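Work the whole structure out from these sequences, hints included.
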Amino acid sequence: MSLHEECGVFGIFSPRTGAVADMAYYGLYALQHRGQESCGIVVNDDGAFSSYKDLGLVSEVFSRDVLSRLPEGNMAVGHVRYGTTGGNSRRNCQPIEVNHQKGKLALAHNGNLSNAVELRNRLELSGAIFHSTSDTEIIAYIVTRERLKSASIEDALSAAMGSLDGAYSLVLMSSQKMLCARDPYGFRPLCYGRTQDGMYVVASESCALTAVGAEFERDLEPGEILVFSPEGMVSRREHCREQRKRLCVFEYIYFARPDSVIDGVSVHGARIRAGEILAKAHPAEADIVIGVPDSGLDAALGFSRESGIPYGIGLIKNKYIGRTFISPGQGARLDQVRIKLSAVGESVRGKRVVLVDDSIVRGTTSGRIVRLLREAGAREIHMRISSPPFLNPCYYGTDVDSRENLIACSHSVEEIAKAIGADTLGYFPVQQLGELAGSRDYCSACFDGRYPTPVPDDIKKDRFEGKLKRFHG
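Those letters in the sequence shown? Residues 1 to 473, per the numbering used here, in order.
Because the hints were derived from the structure by calculation, they are not lab data. All values reported here derive from a predicted model rather than from experimental measurement. Check the hints yourself; a few may be wrong.
What the hints assert, rightly or not - Lysine to any residue pairs mimicking SDA-like chemistry, simulated, CA-CA at most 20 Å apart:
1. Lys177 <-> Lys317
2. Lys317 <-> Leu301
3. Lys418 <-> Pro454
4. Lys177 <-> Arg145
5. Lys102 <-> Ala151
6. Lys280 <-> Leu67
7. Lys102 <-> Ser175
8. Lys418 <-> Arg379
9. Lys280 <-> Ala128
10. Lys149 <-> Lys177
11. Lys245 <-> Asp448
12. Lys104 <-> Pro230
13. Lys245 <-> Pro454
14. Lys102 <-> Ala128
15. Lys245 <-> Glu221
16. Lys317 <-> Ser51
17. Lys177 <-> Leu57
Encoded structure:
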């Protein structure tokens with residue numbers, strides 16, 4: 001644990017005026033696991049945009065009073081954020097809104113541009129002034145510039161995609177249309193569905209469609225643009241099949257909700273398979289298998305089924321505490337671990353325990369969990385991880401920005417086991433990741449270093465913060 005993920009996006013297009021803000025609220029609630037720093041909703045009421053954005057969880061930011069002040073409309077775009085570019089401040093809340101000569105634009109983005117520094121420098125040299133430090137504003141600038149010389153917003157978005165490298169799943173709203181797009185590699189998920197009364201819904205994960213009563217239609221193809229307007233839906237595929245598909249395999253291991261289906265693969269099923277493969281690759285003599293809530297539970301169940309070792313509940317999660325994986329700052333992360341989990345002594349006391357978790361990054365959180373189980377009386381702890389060791393930074397929306405923070409880069413498996421206090425440690429075999437994704441078409445660069453795009457020089461999350469202080473201080 002102790003990494004960060006990116007964001008969740010949501011959009012709704014209705015043939016008639018209604019309470020689209022409420023729909024967006026429920027959609028974002030279902031996507032809360034993808035980002036807990038901030039959230040926002042922009043409503044389109046006959047071309048007039050109204051919005052509310054702030055730091056905090058969806059339930060904290062959008063009180064009933066706040067939602068009641070947002071007008072009815074026929075379109076809305078929403079966003080939950082954990083930022084992989086730019087700091088945690090209100091100016092980086094999304095969706096981003098732009099007023100330009102040809103109209104309005106609201107944009108929500110999930111992912112990370114690998115050429116963000118190059119694009120921002122080029123835009124600043126041409127006179128662009130940035131008000132945030134996220135790469136989403138870069139996308140908004142490029143789309144806006146293309147719109148000024150294009151016949152339509154979809155033409156502008158298509159032209160802008162020719163300049164963007166890296167990961168981006170986008171939901172974009174103009175005065176008359178809603179668009180969504182997925183980068184040509186398909187790094188991050190994006191799907192759409194329809195409600196029985198004809199509303200189109202777009203979301204990062206299918207669980208958000210279910211939450212608002214929409215029937216899942218399909219995932220967007222990598223490189224595809226969908227355009228929703230009063231005339232219906234149009235698919236544009238000029239950027240499709242430009243690259244080999246590279247969905248982030250960690251979506252299946254950790255990021256996505258278990259009830260989601262991504263690119264035809266059940267997340268719950270993928271995690272069960274991960275546990276089964278772990279049991280074959282790293283068997284253990286034990287009395288009970290337990291998982292670390294929440295994303296370790298399914299893999300623990302799979303380990304139990306394959307090994308024949310009984311599955312049990314050994315850790316209880318305080319459900320009112322956010323994921324430690326998405327907590328900004330090491331100090332906050334340590335504080336949350338102390339109150340987030342507690343061990344069930346009756347389950348583990350005097351027993352040999354297989355402890356299944358989704359990942360180890362620094363080892364801090366894993367060590368704390370092992371200590372909790374030791375204090376509860378566990379006799380042996382055999383830790384099994386449903387991902388391979390993290391060995392490389394990610395440039396596509398997962399907040400792994402330095403090899404120096406990755407314990408597997410400087411320690412052997414045996415040394416890591418000793419550091420976290422486990423009797424044995426086993427990782428998921430990197431060569432079997434395709435069995436989780438259902439194909440070989442996935443990105444696993446954080447595990448194996450095989451990057452689909454050129455590697456940028458500067459990957460620090462706060463790489464634009466200094467500029468903002470100099471020019472706005």
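For each hint, the structure was consulted:
Distance hint between Lys177 and Lys317 is unfulfilled; the C-alpha atoms sit about 42 Å from each other, more than 20 Å. Proximity of Lys317 to Leu301 is assessed by CA-CA distance (about 17 Å); at most 20 Å being required, the pair is judged to hold. Pair hint Lys418 plus Pro454 does not hold up; C-alpha atoms about 36 Å apart against a cutoff of 20 Å. Between Lys177 and Arg145 the CA atoms are separated by roughly 18 Å; this keeps the pair inside 20 Å, and the hint holds.
For a cut-off of 20 Å, the pair hint linking Lys102 to Ala151 stands: about 10 Å separates their Cα positions. Taken as a hint, the Lys280 and Leu67 pair is broken in the structure, with Cα atoms around 50 Å apart against an allowance of 20 Å. In summary, the hint linking Lys102 to Ser175 is supported, as the alpha carbons are separated by about 10 Å, within the 20 Å threshold. Of the supplied pair hints, the one linking Lys418 and Arg379 holds, its CA atoms being roughly 16 Å apart against a limit of 20 Å.
Under the criterion of a C-alpha separation no larger than 20 Å, the hint pairing Lys280 with Ala128 is inconsistent with the structure, at around 55 Å. Between Lys149 and Lys177 the alpha-carbon distance is near 18 Å, which keeps this suggested pair within the 20 Å criterion. Between the alpha carbons of Lys245 and Asp448 the distance comes to roughly 17 Å, so the proposed pair stays at or under 20 Å and holds. For the hint linking Lys104 to Pro230, the alpha-carbon distance of about 17 Å falls within 20 Å, and the restraint holds.
At roughly 16 Å between alpha-carbon atoms, Lys245 and Pro454 fall within 20 Å of each other, so this suggested pair holds. Annotation: proposed proximity of Lys102 to Ala128 holds, straight-line Cα distance about 18 Å (limit 20 Å). Our distance criterion of 20 Å between C-alpha atoms is met by Lys245 and Glu221, whose separation comes to about 9 Å. For the hint linking Lys317 to Ser51, the alpha-carbon distance of about 34 Å lies beyond 20 Å, and the restraint is violated.
Among the hinted pairs, Lys177 with Leu57 is inconsistent with the structure: their alpha-carbon atoms are about 28 Å apart, more than 20 Å.
Hints 1, 3, 6, 9, 16 and 17 from the list above are not met by this structure, while the remaining hints are.
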